[in-house]
Amino acid sequence: MDCLVAGANFLLKAIRHEAFTHMEGHKEFVQIDHNDLFPYLLVNVGSGVSIIKVDGDGKFQRVSGTNVGGGTYWGLGRLLTKCSSFDELLELSQRGDNSTIDMLVGDIYGGMDYSKIGLSASTIASSFGKAISDKKELEDYRPEDISLSLLRMISYNIGQISYLNALRFGLKRIFFGGFFIRGHAYTMDTISFAVQFWSKGEAQAMFLRHEGFLGALGAFMSYQKHGLDDLMVHHLVERFPMGAPYTGGRIHGPPLGDLNEKISWMEKFVQRGTEITAPVPMAPPGTTGLGGFEVPSSRGATLRPDASALNIGVLHLVPTLEVFPLLANPKMYEPNTIDLSDHKELEYWFTVLSEHLPDLVDKAVASEGGTDDAKRRGDAFARAFSAHLARLMEEPAAYGKLGLANLLELREECLREFQFHDAYRSIKQRENEASLAVLPDLLLELDHMDEEARLLTLIEGVLAANIFDWGSRACVDLYHKGTIIEIYRMSRNKMQRPWRVDDFDLFKERMLGSDGKKPKPHKRALLFVDNSGADVVLGMLPLARELLRRGTEVVLVANSLPALNDVTAMELPDIVAEAAKHCDILRRAAEAGGLLVDAMTNTVDGSEGNSSSVPLMVVENGCGSPCIDLRQVSSELAAAAKCADLVILEGMGRSLHTNFNALFKSEALKLAMVKNQRLAEKLIQGKIYDCVCRYEPAPAS
Amino acid sequence: MDRLADVSNLRSSQSQTQISHLALDIGGSLIKLVYFCRYDDSCRDDGDELRSQNDSLCSKSDNSQPVLEGRLHFAKFETSKINDCLDFLHSMKLCLDGSHDGTAPPSNKIFIKATGGGAYKFADLFKEKLGVSLDKEDEMECLVTGANFLLKAVHQEAFTYLDGQKEFVQIDPNDLYPYLLVNIGSGVSMIKVDGDGKFERVSGTSLGGGTFWGLGRLLTKCKNFDELLELSHRGNNRIVDMLVGDIYGGTDYAKIGLSSTTIASSFGKAISDSKELEDYEPEDVSRSLLRMISNNIGQISYLNALRFGLKRIFFAGFFIRGHAYTMDTISVAVNFWSKGEAKAMFLRHEGFLGALGAFMSYEKQCLDGLTVHKMQQKFPISASSAGDNIYCSLNSNSDENGSIECTVYGT
Numbered sequence: 015m016d017c018l019v020a021g022a023n024f025l026l027k028a029i030r031h032e033a034f035t036h037m038e039g040h041k042e043f044v045q046i047d048h049n050d051l052f053p054y055l056l057v058n059v060g061s062g063v064s065i066i067k068v069d070g071d072g073k074f075q076r077v078s079g080t081n082v083g084g085g086t087y088w089g090l091g092r093l094l095t096k097c098s099s100f101d102e103l104l105e106l107s108q109r110g111d112n113s114t115i116d117m118l119v120g121d122i123y124g125g126m127d128y129s130k131i132g133l134s135a136s137t138i139a140s141s142f143g144k145a146i147s148d149k150k151e152l153e154d155y156r157p158e159d160i161s162l163s164l165l166r167m168i169s170y171n172i173g174q175i176s177y178l179n180a181l182r183f184g185l186k187r188i189f190f191g192g193f194f195i196r197g198h199a200y201t202m203d204t205i206s207f208a209v210q211f212w213s214k215g216e217a218q219a220m221f222l223r224h225e226g227f228l229g230a231l232g233a234f235m236s237y238q239k240h241g242l243d244d245l246m247v248h249h250l251v252e253r254f255p256m257g258a259p260y261t262g263g264r265i266h267g268p269p270l271g272d273l274n275e276k277i278s279w280m281e282k283f284v285q286r287g288t289e290i291t292a293p294v295p296m297a298p299p300g301t302t303g304l305g306g307f308e309v310p311s312s313r314g315a316t317l318r319p320d321a322s323a324l325n326i327g328v329l330h331l332v333p334t335l336e337v338f339p340l341l342a343n344p345k346m347y348e349p350n351t352i353d354l355s356d357h358k359e360l361e362y363w364f365t366v367l368s369e370h371l372p373d374l375v376d377k378a379v380a381s382e383g384g385t386d387d388a389k390r391r392g393d394a395f396a397r398a399f400s401a402h403l404a405r406l407m408e409e410p411a412a413y414g415k416l417g418l419a420n421l422l423e424l425r426e427e428c429l430r431e432f433q434f435h436d437a438y439r440s441i442k443q444r445e446n447e448a449s450l451a452v453l454p455d456l457l458l459e460l461d462h463m464d465e466e467a468r469l470l471t472l473i474e475g476v477l478a479a480n481i482f483d484w485g486s487r488a489c490v491d492l493y494h495k496g497t498i499i500e501i502y503r504m505s506r507n508k509m510q511r512p513w514r515v516d517d518f519d520l521f522k523e524r525m526l527g528s529d530g531k532k533p534k535p536h537k538r539a540l541l542f543v544d545n546s547g548a549d550v551v552l553g554m555l556p557l558a559r560e561l562l563r564r565g566t567e568v569v570l571v572a573n574s575l576p577a578l579n580d581v582t583a584m585e586l587p588d589i590v591a592e593a594a595k596h597c598d599i600l601r602r603a604a605e606a607g608g609l610l611v612d613a614m615t616n617t618v619d620g621s622e623g624n625s626s627s628v629p630l631m632v633v634e635n636g637c638g639s640p641c642i643d644l645r646q647v648s649s650e651l652a653a654a655a656k657c658a659d660l661v662i663l664e665g666m667g668r669s670l671h672t673n674f675n676a677l678f679k680s681e682a683l684k685l686a687m688v689k690n691q692r693l694a695e696k697l698i699q700g701k702i703y704d705c706v707c708r709y710e711p712a713p714a715s
Numbered sequence: 002m003d004r005l006a007d008v009s010n011l012r013s014s015q016s017q018t019q020i021s022h023l024a025l026d027i028g029g030s031l032i033k034l035v036y037f038c039r040y041d042d043s044c045r046d047d048g049d050e051l052r053s054q055n056d057s058l059c060s061k062s063d064n065s066q067p068v069l070e071g072r073l074h075f076a077k078f079e080t081s082k083i084n085d086c087l088d089f090l091h092s093m094k095l096c097l098d099g100s101h102d103g104t105a106p107p108s109n110k111i112f113i114k115a116t117g118g119g120a121y122k123f124a125d126l127f128k129e130k131l132g133v134s135l136d137k138e139d140e141m142e143c144l145v146t147g148a149n150f151l152l153k154a155v156h157q158e159a160f161t162y163l164d165g166q167k168e169f170v171q172i173d174p175n176d177l178y179p180y181l182l183v184n185i186g187s188g189v190s191m192i193k194v195d196g197d198g199k200f201e202r203v204s205g206t207s208l209g210g211g212t213f214w215g216l217g218r219l220l221t222k223c224k225n226f227d228e229l230l231e232l233s234h235r236g237n238n239r240i241v242d243m244l245v246g247d248i249y250g251g252t253d254y255a256k257i258g259l260s261s262t263t264i265a266s267s268f269g270k271a272i273s274d275s276k277e278l279e280d281y282e283p284e285d286v287s288r289s290l291l292r293m294i295s296n297n298i299g300q301i302s303y304l305n306a307l308r309f310g311l312k313r314i315f316f317a318g319f320f321i322r323g324h325a326y327t328m329d330t331i332s333v334a335v336n337f338w339s340k341g342e343a344k345a346m347f348l349r350h351e352g353f354l355g356a357l358g359a360f361m362s363y364e365k366q367c368l369d370g371l372t373v374h375k376m377q378q379k380f381p382i383s384a385s386s387a388g389d390n391i392y393c394s395l396n397s398n399s400d401e402n403g404s405i406e407c408t409v410y411g412t
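Protein sequences appear in the order of chains A and B.
So the number in the working numbering is just where the residue sits in the first sequence, counting from 1, plus 14.
So the number in the working numbering is just where the residue sits in the second sequence, counting from 1, plus 1.
Chain B on its own, in the form it takes in the complex (with noise of 0.2 Å):
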C-alpha cells in the first residue's frame, strides 16, 4: 500500500471538515494522530439513525454548554516519514486555536498534545515547519488513560481472540481495575493499571514489534511490515524451528507437558542443516519470528499477570494491527502458560491508545476553553463502522484511517 495515497485519500475526504484537537503519539516506528472533527452540514454524511441518537441525546443537556458534536479520527504515518505527517498536518489547516473558522494562521501560542518518545526527539521539527509547540504528556500516562477510556466508553472495545473465533467480551466500568496492559510498539510496555491515573510500568521487553519488523526485513527483504503480516499467514515455522518432536524423534515429551509441536527451540533448525538464508521461503522464516516474538511477549506478560494476580490482560499496540496470528499465538501463550486460567485480550483501537490519551490530556488543562468531558458518561459513543470482521479493523479501512462518533462540550 502506498502510504503517500492513503495521506492524499485523507486529505480529500477530510479538507472541507473543521479539525479543531490534534493529538499525536510519536514513537519509535510509527507517528499516531487521534484529531476531533466538527461535523458540518458538508460532510454529516452518516446513518440517519445514529445521527438521531445523537440529536436526542444532546439535545438534554444543550442549555448548559455549547455542543460540539463530531468523530474522532484516527490517523498514521511512519516515524521515518515524518516529513507526510508534517505535510498532512499543514493541509489540514489546524485550527487549533479556539476559534474553528479554519483560518486562523498558526502561532507560537498554539500547542499540540504529544505523547510519546517523538514528542521530545521532533519537537524542534514541529516548530519549525508548523509553527506549532508540542506540549509533552506522559508516554505510560497518555496509554493509561487512552485504554481506560476505550475500555469504559466504547461499546464493544475489547475481545478475546482464540482459534480463530473472536469474541467480545462486555466489560463492567465498575470492575475494570485492576487490569495489565501490554502495549506492543516497538518494544513492550506492561503496565499495571489500578485506576484512573493510578498505574506502573512493572516490566517490558525489547522483544517487540520492531524486532519483527527489523529482523523481518533482514531475514526476507519484504517491503513493509503488513507485507511480513502477510508472508506470515502463509508460512510453516516447521521448517525453521525445533520442535518437541524434532528431538524426542515425533514422541510427546508427555512427562514435562510438552506435545511434539511445541516449539523447543526458535530457529533451532537453522543451526544443523547446511542450508543458507536463501534457501528458506520468506513465509516460513516470518510466521517463526512472528511465534517466536508473539509467544515470549504472551508469556512474560502472564507472568506479570500472575505476579501481580491480575486477572485481565489487554493487548495493544501498533505490532498486532487486528492480524489473526499474531493474536491467536498471543491468545495461545497466555493459555498455555497459565494452563487456561488467563485469557487474552484485545483492543480494537490497538494502536491509538498514546494518541487517545494525549487527546484526553486537552481536558484537563482546559485548553482554549474547551473541555473533552469523559464522554462515556454523557453522551453515547457508537463505535465507527469497523464492524465486526476482524480483517476490517482500523488500519485495513480503504482510506487507513477509522473514527469515532462523538461529542464534545465547549464551554
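Looking at chain A on its own, in the form it has when it is part of the complex (with noise of 0.2 Å):
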C-alpha cells in the first residue's frame, strides 16, 4: 500500500496529463497542479478494493475498502458464464443488454419514472433481480447480458461506497486505479456514472493512465530514495517507440534495443499481411529471433476488448530540462494552440502528415546516401509512422493529451528511431549557402534606408523568408519551381500591410518612439529561429543585427535535435560566422558572444581594440521538434532568458500551433507566414499566405 500511493503520487505530480475523466465514451485530461494535489482519495480496485485517503508524501490512510471488486466479476463471471479469461468477461459485456436480467425501476413501476425520487424507468432497481421471476435457468441467459449486469452492479457498487467516502473526508479528487479498470472504458463509465449520480454531478472520477503500474513504480521509488522525490513534471519527456501502437503499452519480451531488430520487426509484421492501418494486438511473426512477444490471449482478428486502452510511453529523465521563466502563467499554460480532441482537425491534420510521408522517406533516404540500408529503414519508418497515426486516429487519447506539437514531435522521434538523424542535412546545405551569397546585398540595402522603412523591411523580410519551410505541403510544391532568391523577392512583394494581424505600428512605436522622444532599447532579445536557409539568414540575422545596432543583446535560440529543415543550435554558429565575415556588426557581437572561438580575425577593418559590442550569442532550446513547449526547455535557454525582455518567436511551428496564446512576462513579438488555408481560416480567419505580426507589450506588474 505504500507503493501503491508512492507510485500514484509521483505519476500524479511528475507527469503531465496523467489524470483523465472518462465520461460516455469521451477521454478528457485533467491538469493537475502538483502544488493542489492533497488531499486525494485513491481508489486501488484489484480483486478486492481498498479506498484510501492520501494527504501528502507518505501520509495516508485505508479509510474504507469493499470485498466487492474485480475478483467478485471475474469470480462470478467465471461461474455465470464460462468464460476463461477476463478479457473475454469484459468484451462480452460490450455486447450485452443488463434489461434482461436486472429489475429496473421500469419494471416495477409498468414502465413509468419513479420521478419523485430522482429514479428513471431504467434505473436498476435490482442486480440480477429478473433473475428471480423467471422461469428462465442459468443456460438461458447470454452469457454478454450477464457479463454487463455483473459489470454494472460491481462499478456503481464502487463508485458509490467511494463516493461516500470521499464526502466523508470533504476530498474532491476521487482517482481510480487497479487491475479492474484496466483502460477499459466501459467500467470507467460506469464508475464515472455512479460518481456523477451520487454526488448529483458536483464529483468527478479521475483515473490514471499508467494506472497498472502504480505498485511497481511505487516500489521502484522506494528502492532509490535519492533525489527523484524531487522530480518535477518538466524533467520527464514521454515517448512513444515504434511498438507502442501494437503493444497497447504492455511489455511482451525483451525491448527491441537494436535497430536491424526493429527493421525486422516491422518487415515481418507486414510480411504477415496483418493490416497496418488497424493495429490489433499482434500474434509473434515467427518465434525466432525476434524479441519473443508471448501470444495474446485475443484472436488476431478482432479488435483489443480494450481498444480504448492507452498506450504507455517511455519515460525519459531530462533533468535538465526547465520551465521557461519568462511564461506569465506557467500553471496555465498550453502549448497546442489547435486541441485535436476535435475529431475532424484530428482527420485533418493525419491526412497532411500522411500525404507528406512518402516525400519526407525520399528526403530521409537521401539524406542517407539512397543506399538499400537506407532504404529498408525509410519503409520501417513509413510503416510505424503510419501505425502511430492509426492507433491515434482510433483513440486519439492513446498516448495522453493529443496536441499538434505532440503529433509532430512523434514524428521526428520516429525518424530518430530510425536513426535518420537529420534527413534534411543536404537541403539546408544547399539553402544556406545559396543565402548566404545574397546576403551582403540584402544589408547593403538596408543600410541606405532611414529608420523607420529598414525596420519595416526587416520585419517584411522575416515574414516573406518564413515561406521556407518544408513541413508545409504549399512550400514544398513552390520549391519545385524556382530558386531560393526569386521566391524570395515574389514573397517580399506581396508582403503589402496591413497584415492579417498587424502590430507592426505598435512595435514600431517601441523601437523608434514618437514624437521624437526615443526609448530605451531593449536590454535582451530572444530570437526563437525556424528554418534553415533564407528565413534564418535573409530574415532573423538582419533582424537581430538591428537589435545588436541598438544595443540589445541577442541571444538566438534554436532547435538542440534536427526536425524538418529548423536549423539547430549545432548549425547557427558556423552561419553566423559566415554571415559576419561580410558584416562588422555581426562580427563584432558574434565575438563579444563568444561565437567565433576560431580566431578568424582576420577582420576587414582590423578594429581590434573596439569589442565593445553587446553579444549574439546561440542556445539551444532543448527539443526536437518543430513546435516548442516552453514547460520543457534546456537549462540554458532558461538561463538566458532570465534578463530577457523581448521575446521573438518565428515561424508556424513556435508562434501559431504553439504558444499562439500564450503570455509572457516579458515584451513578445510573434511572427509568421500562415502555409496552410485551414489553420489560416481557424486561427485568424484569414486565407493561405497571410502574415502574423503580433506584439504584446510586457504586463504592467
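Keep in mind the hints are simulated off the structure, nothing from the lab.
Worth double-checking, as some hints may not be accurate.
Below, a list of computed lysine-lysine pairs in the DSSO-like style, where the Cα atoms sit at most 30 Å apart [what the hints assert, rightly or not]:
| hint | chain 1 | residue 1 | chain 2 | residue 2 |
| --- | --- | --- | --- | --- |
| 1 | B | Lys340 | A | Lys73 |
| 2 | A | Lys389 | A | Lys377 |
| 3 | A | Lys150 | B | Lys276 |
| 4 | A | Lys214 | B | Lys82 |
| 5 | B | Lys340 | A | Lys150 |
| 6 | B | Lys312 | B | Lys340 |
These figures come from a predicted structure and were not determined experimentally.
Both chains come to you apart, so use the hints to assemble them.
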C-alpha cells in the first residue's frame, strides 16, 4: 500500500496529463497542480477494493474498502458464463443488455419513472432481480447480458462507496486505478456515472494513464530514495517508440534495442499481411529471434476488447529541462493552439501528415546516401509512423493528451528511432549557402534606408523568408518551381500591409518612439528561429543585426535536435560566422558572444580593440520538434532568458501551432506566415500566405 | 413450502372473519398485504387476559365513537404469482364499502390503498379481476409511515442482533428521530427520517434481496428464496471468497486493521481455481452471496448514517426475514465499519412497512367514514404471539401470517 500511494503521488506530480475523466466514452485530460494535489482519495480496484485517503507523500490511511471488486466480477463471471479469461468476460459485456437480467425501476413501476425520488425507468432497482421471477435457467441467459449486469453492479457499487467516502472526508478528487479498470472504457464509464449520479454532479471520477503500474512504480521509488522524489513534471519527457501502437503499452518480452531488430520486426509484420492501418495486438511474427512476443489472448482479427486502453510511453528523465522563466502563468500555460480532441481537426492533420510522408521518406533516404540499407529503414519508418497515426485515429487519447505539437514531435522521434538523424541535412546546407551568398546585397540595401523604412523592411523580410518551410505542403510545391532568391523576392513583394494580424505600428513605436522621443532599447532579446536557409539568413539574422545595432543583446534560440529543415543550435554558429565575414556589426557581436572561437579575426577593418559590442549568442532550446513546449526548455535557455525583456517567436510551429496564445512576462513579438489554408481560417480568419505580426507589450506589474 | 397451501390455510382460518380495510404493497418480488379483521364471536379465540385488557381500555372511550376491535393481519405473495393473491382477495369477500356486512358486491367505487411499483403496474389487472381501484400511495411515504407507526406503537418492535444474541431495544417515541431506515426489498432504499411525513430518500443500492435470490437461483438451482437462505446456513464462504489470509499467507494484515478472515474479494477464489460451477457446493455459494450482499448493505448504510450524523439504523424489508445469519452479517458490517459506534437494528414486522403505511393512509382521507387513529396513543396494541424466538417471527408461523391486535375507531 505504501508503494501504491508512492506510485500514484509520483505519477500525479511528475507526469503531465496523467489523470483523465471518462464520461460516455469521452476522455478528457485533467491538469493537476502538483501544489494542490492533496488530499485525494485513491481507489485501487484489484481483486478487492482498497480506498485510501492520501494527505501527502507517505501520509495516507486506508479508510475503507469493499470485498466486491475485480475478483468478484471475474469469479462470479467465470461461474456464470464459462468465460476463460477476464478480457473475454469484459469483451462480452460490451455486447450485453442488462435489462434482461436486472430489475429496472421501470419493471416495477410498469414502465414509468419513479420521478418523485429521481429514479428514471432505466435505473437498476435490483441487480439480477429479474433472474428471480422468470422461468429461465442459467443457460437461458446470454453470457453477454450476465457480464454486463455484473459489471454494472460492481462498478456502480464501487463508485458509490468511493463517493460516500470522499464525502465523508470532504475530498474533491477521486482517482481510480487497479487491474479491474485496465483502461476498459465501459468500466470507467460506469464508475464515472455512479460517482456523478450519487454526487449529483459534484464529484468526478478520475483515472490514471499508468494505472497498471502504480504498485511497481512505488516499489521502484522506495528502492532508490535519492532525488527522484523531487522530480518535477518538466523533467520528464514521455516518448512512444515504434512498438507502442501494437502493444498498447504492455510489455511482451525484451525490448527491441537494436535497429536491425526493429526493422525486421516491421518487415515481418507486414509480410504477415496484417492490416497496418488498424493495429491489433499482434501474434508473434514467427517465434525465432524476434524479441519473443508472447501470444496475446485475443484473436488477431478482432480489435482489442480494450481498444480504448491507453498506451504507455517510455519516460525519459531529462533533469536539465526547466520551465521557461518568462512564461506569465506557467500553470495555465497550454502550448497547443489547436486541440486535436476535435475529431475533424485530427483527421485533417492526419491527412496532411500522411500525404507528406512519401516526400519525407525520400528526403530521409537521400540524406543517408540512398543506400539499400537507408531504403529499408525508410520503409520501416513509414510503416511505424503510419501505425502511430492509425492508432491515434482509433483512440486520440492513446498517448495522453494530443496536441499538434505532440504529433509533429512524434514524427521526429520516429525518424530518429530509425536512425535518420537529419533528413534535411543536405537541403539545409544548400539553402544556407545560397542565402548567405545574397546576404551582403540585402544588408547593403537595408543600410541605405532610414530607420523607419528599415524596420518595416526587416519585419517584411522575416515574414517573407518564413515561406521557406519544408513542413508545409504548399511550400514544397513552390520549391519545385523556382530558386530561393526568386521565391524570396516574390514573397517580399507580396508583403503588403496591413497584414492579417498587424501590430507593426505598436512595435515600431516601441522601437523608434513617437514625437521624437527615443525609447530605451531592449536589454536582451530572445529570437526563436525557425527554418534554415533564407528564413534564418535573410529574415532573422538581419533583424538580429538591427537589434544589436541598437545596443540590445541578442540570443538566437534554436532546436537542440533536427526537425524538418529547422536550423539547429549546432548549425547556427557556422552560419553566423559566415555572415559575420560580410558584416561588422555581426562580427563584433559574435565575437563578444564567443561564437567566433577559432580566432578567424582577419577582420575587414582591423578595429581589434573595438569589441565593446553587445554580444550575439546562440543557445539550444532543448527540443527536437518544429514546435516548442515552453514548459520543457533547456537550462541554458532558461538561464539566458532571465534578463531578457523581448521574446521574438518566428515561424508557424513556434508562434502559431504552439504559443500563439502564450502570455509572457516580457514583451513578445510573434511573426509567421500562414502556409496552411485550414490554419489560416481557423486561427486568423484569413487565407493561405496571410501574415501574422503580433506584438504584446509586457504586462504591467 | 407450498404457497397454495398457505393460501387455503389463510382462507379457512379467516373465511368467517369480516375483513375491512385492506392495504397492499406490491413490490418487484413480493406482494405484502395488511388487513384488519373485526372480531366477531366466532373468531374470538385469544387469551382472556388480552381481551379484558382491551375491553377495559376501550370502554373509556366507548361513548364518543364506535369502536371496531380486531386484528391487523399480515400476508404475502410472490409478485410473479399475482393471481394467487387475486384469488385470495376474491375469496375474502372484501367488504370495503363501509357496510361491513361482508355481502356488498364489488363496485367501481371501491378503493384499496396500495403502494409499491406494482400499484401502478397492476392497477388495470385489479380493476379487471376484482373490480377495485388501487388508490396509489407513495412508496417511500408508506415505508416511513409504517416504520414510524411500528417503532412508536408496538412494544418490542426493534431489536439488535449480534453474535446470535437478540436484544430488544426500547425506543422512546419522543426520541425516535432522526433515524436511517434501510428497506431491503428487491433493491435497497435508504431513507433519512426526520419525523412523521418528514423524510428523504438519501441513497440506495441495486444489490439487494433480488440480487441474492436472482444470482443465487442462477448459481445453485434453488427453488425458492427460503431454500437458498437455508442453504447458506450450512455453507462455508472460505471456499469461494478470497480472504485477506489467502493473499497475505495466513497472517493478518494488521497494519491496516484487516484480520486474516476478512473477505478481501467476494467470489475471488472462483478466479484462480480450475473448478467449475458444478464443483462448488450450493451451500458455500449461497453463504458467500449472502455475506457479500449483507455486508455491502451494512457498509453503505453506515456510510449514509455517518454522512447525516444519524445514530440509529433500522433495517427492514423482506430480504431479512428474521434470518439470523443475514442480520448477523449486517450487524457485523455496521459494527466493523463504524468501529463499534453504530448498531444495526431490525424490526419484527420488517416486511410489512409499506403495506402498513398504505393501511395507515386510510386515516388521512377518512375513507368510508372510518378513521384509524394514531393507535399508539389511545390504544394498547399488544404484540401478537410471534414470541421471542427469532425463528418464529411472522413469516415462519404455520399460516404464514402474523397479526397485531388492535382497535379501530369508527366515526
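(request) Determine which of the earlier numbered hints do not hold for this structure and return their numbers in increasing order. (result) Going through the list in order, the structure violates hints 4, 5 and respects the others.
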